[in-house]
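Could you put together the complete structure from these sequences and hints?
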Amino acid sequence: MKLLVCIKQVPDLESRFKPDAAGVWYNETDLAFRMNEYDEYAVEQAVQLREKLGDGCELTVLSIGPDRVVEAIKKALAMGCDNAAHIQDSAASSKDPWQIASIISAYAKDKGFDIIFTGMQSQDRGSAQVGVTVAEQLGLACTTTITSFDYDNGTITAKRELEGGIKAAVKLKTPALVTCQLGLNIPRYPTLPNIMKAKKKEITAIAVADLLKEAALSTTTSFHPPAKKGGGIVLEGDVADLVEKVIAILKDKTAVLR
Amino acid sequence: MKTLLIGEYRDGKLLESTYELLGFADQLGAESALLLVGSESQLPAYSGTLYIADAATCGEYNPDLHKQLVLNAVQQENPDYIVFLHSSYGWDLAPRVAASLKAAQISEIIAFADGSFEVGCCNAKMRRSVKPNSSTTVLTVQAGAFPALQAGGTPTVRKLTADVTSPLEFLGYEPAEKKDVDLGKAEIIVSAGRGIGKKDNVPVILALAKALGGELGASRPVVDAGWVEHSHQVGTTGQTVSPKLYVACGISGAIQHLAGMKKSDFILAINKDKDAPIGEIADVLVVADVMQFVPALTAKIAA
Ligand SMILES: Cc1cc2nc3c(=O)[nH]c(=O)nc-3n(C[C@H](O)[C@H](O)[C@H](O)COP(=O)(O)OP(=O)(O)OC[C@H]3O[C@@H](n4cnc5c(N)ncnc54)[C@H](O)[C@@H]3O)c2cc1C
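Keeping their order, the protein sequence lines are chains G and B. Under my numbering, the first residue of the first sequence is numbered 1, with each subsequent residue one higher. Under my numbering, the first residue of the second sequence is numbered 1001, with each subsequent residue one higher.
Treat the hints with care, since some could be wrong.
Taking lysine-lysine pairs in the BS3-like style, the calculated list, with each CA pair at most 27 angstroms apart, reads [to be verified]:
#, chain 1, residue 1, chain 2, residue 2
1, B, Lys1210, G, Lys245
2, B, Lys1199, G, Lys228
3, B, Lys1131, B, Lys1002
4, G, Lys253, B, Lys1262
5, G, Lys213, B, Lys1131
6, B, Lys1263, G, Lys253
7, G, Lys228, B, Lys1262
8, B, Lys1300, B, Lys1244
From the structure, some residues in chain G lie toward chain B, with a derived Cβ separation under 10 angstroms [what the hints assert, rightly or not]:
#, residue
9, Met120
10, Gln121
11, Gly131
12, Cys142
13, Thr143
14, Thr145
15, Lys159
16, Gly165
17, Val170
18, Ala215
19, Thr254
No wet-lab data here; the hints were simulated from the structure. A virtual CB, placed ideally from N, CA and C, is assigned to each residue, including glycine.
Printed below as a string of structure tokens:
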């Protein structure tokens, strides 16, 4: 069995975002990066399957981006992936979802992966397209937004999460791709021995130009903060003062405090 | 300009959200046709062309086949835009259609201007304007972003069929977990978000809920981490609430959370980040550490 998990490195979302020089994405200065949350669930599920299947199963983690993404790759290796592909692209953020998917597909095309795991979306771009598009490009069975996963003898049984918390149970034959939703499992923290072991695992670097043959289908023309709607009151300062002010407002504006 | 709108049908029912697509097409000033894998016994109140396939034979979740149905209608309509809701049905099917047509897809649209579409990014903190480079474009629109339009009428029905063998089999629906609390009826809800830091801090939030005589709510990460039961989750995949007072403690304000609580009469948010998107809908945003502010507020109220 050959497994692939695709991950993205994203900035900490509690950061303050400023447009870059071109005004089409964020300026990376001062941002701390980490693994996309949805992808952590994808890695965990892939590692659990890898452990269940044991020897003869190989799990590769792939990430596209500048050198900083090696940090996220190392985390995935420490969680239990066997080896990695780093697709080197210092301009990954300027690619559209079609191009990102095309890069992954070009890499995976001849490698015979039985199952590909991705997050359902990235936390920064949030297009929720890349996984499904890879499946289409490679002609794989595909389902999205899974919150439960099981594999047995060429068949995946999964549950998709729908609106209101309803689930849809599905069965699909491999080769297949699944996109993972929050809460699918409990992603593990890499242990120190596994972090040490991961240092010896192979990370293959591939230049993006070797894989990308497709032009972008869409273009970002601007990155900006939302127009402030105003109206709301923003309170800052000393906690004791804040409490007084909030109680006064609640008494004045709501019927819940008397 | 022509749009092909992809409606939704689940568990034997036409979904009301389908009318949001009609609202979107109307705002766009575009001609529209609607496609539905549903039932002829439940036609939408709409007077245009309706491409319909029977869900009883096509299945409610059978993306390979639904893709083919959409492609068949695209061939007849030749639309500029193929429009889905950004929902569990839409984000699953839209990229399949886009890839088959090699069309641009722009996801989760909240507005548009001059052929360019506005989408949220960075957990709703920022926006992007995106332009398609292809002649046909696939769009998914954010749930709730465009008001539903029920113009009424009876559609001109055109039947669709497709024959596709799929490696995927839909086994059936499983209802949402049973609710031990009905937050929908609560007048006061105090919700814990990831900003509370750890499970041990849940009682601090619960204490404020109790002091106010309300119920405990939670954002999804708090539920996923097992700090609070799913029955307390507020949002698209939890409960929809509209209390007199909603207190959001350490919640950033992601669209999926807002969708569940934005109808609250009064929203008080406590967040250390002044720019957190919850500030866009909060009546009062208290910029503070939730673990310092909340106990102080509880003490004062209880006193
Ligand atoms: C299909 C789908 C369905 C979803 N359904 C739901 C749903 O039903 N409900 C839901 O809630 N989410 C849902 N989500 C997840 C949603 O996108 C967000 O990830 C989630 O709402 C974030 O929860 P949060 O605000 O608690 O955490 P975060 O986004 O991590 O925000 C934490 C906030 O706490 C603040 N903070 C941190 N420390 C402190 C401190 N000491 N004091 C004060 N503030 C602090 C931070 O500034 C930040 O704003 C769904 C996602 C998807 C894709």
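Evaluated hints:
Between B:Lys1210 and G:Lys245 the alpha-carbon distance is near 21 angstroms, which keeps this suggested pair within the 27 angstroms criterion. Simply put, B:Lys1199 and G:Lys228 have alpha-carbon atoms about 33 angstroms apart, too far for the 27 angstroms limit, and the pair is violated. For the hint linking B:Lys1131 to B:Lys1002, the alpha-carbon distance of about 17 angstroms falls within 27 angstroms, and the restraint holds. The straight-line distance between the Cα atoms of G:Lys253 and B:Lys1262 is roughly 17 angstroms, inside the 27 angstroms bound, and the hint therefore holds.
Between G:Lys213 and B:Lys1131, the direct Cα distance comes to roughly 21 angstroms. Compliance with the 27 angstroms bound is thereby established for this hinted pair. A C-alpha spacing of about 16 angstroms is found between B:Lys1263 and G:Lys253, which places the hinted pair at or below 27 angstroms, so the restraint holds. A distance of roughly 17 angstroms separates the Cα atoms of G:Lys228 and B:Lys1262; the hinted pair therefore holds under the 27 angstroms criterion. This hinted pair checks out: B:Lys1300 and B:Lys1244 have alpha carbons roughly 20 angstroms apart, not beyond 27 angstroms.
This hint holds: G:Met120 has a C-beta 8 angstroms from the nearest C-beta of chain B, less than the 10 angstroms allowed. The interface hint given for G:Gln121 holds, since its Cβ lies 8 angstroms from the closest Cβ of chain B, which is under the 10 angstroms cut-off. Residue-level restraint check for G:Gly131 holds (minimum Cβ-Cβ distance to chain B is 8 angstroms; threshold 10 angstroms). With its C-beta approaching chain B no nearer than about 7 angstroms, G:Cys142 sits inside the 10 angstroms limit, and its interface hint holds.
With a least beta-carbon distance of about 6 angstroms to chain B, the hint placing G:Thr143 at the interface is held under the 10 angstroms criterion. A cut of 10 angstroms between beta carbons decides the hint on G:Thr145: the least distance to chain B is about 6 angstroms, and the hint holds. Given hint, G:Lys159 at the interface with chain B, holds; its Cβ is 7 angstroms from that chain's nearest Cβ, closer than 10 angstroms. Here the hint on G:Gly165 is kept, as its CB sits about 3 angstroms from the closest CB of chain B, short of 10 angstroms.
Given the 10 angstroms rule on beta carbons, the hint for G:Val170 holds: about 6 angstroms separates it from the nearest Cβ of chain B. The restraint placing G:Ala215 at the interface with chain B holds, with a minimum CB-CB distance near 7 angstroms, inside the 10 angstroms limit. Because the smallest distance between the Cβ of G:Thr254 and any Cβ of chain B comes to about 5 angstroms, under 10 angstroms, the interface hint for this residue holds.
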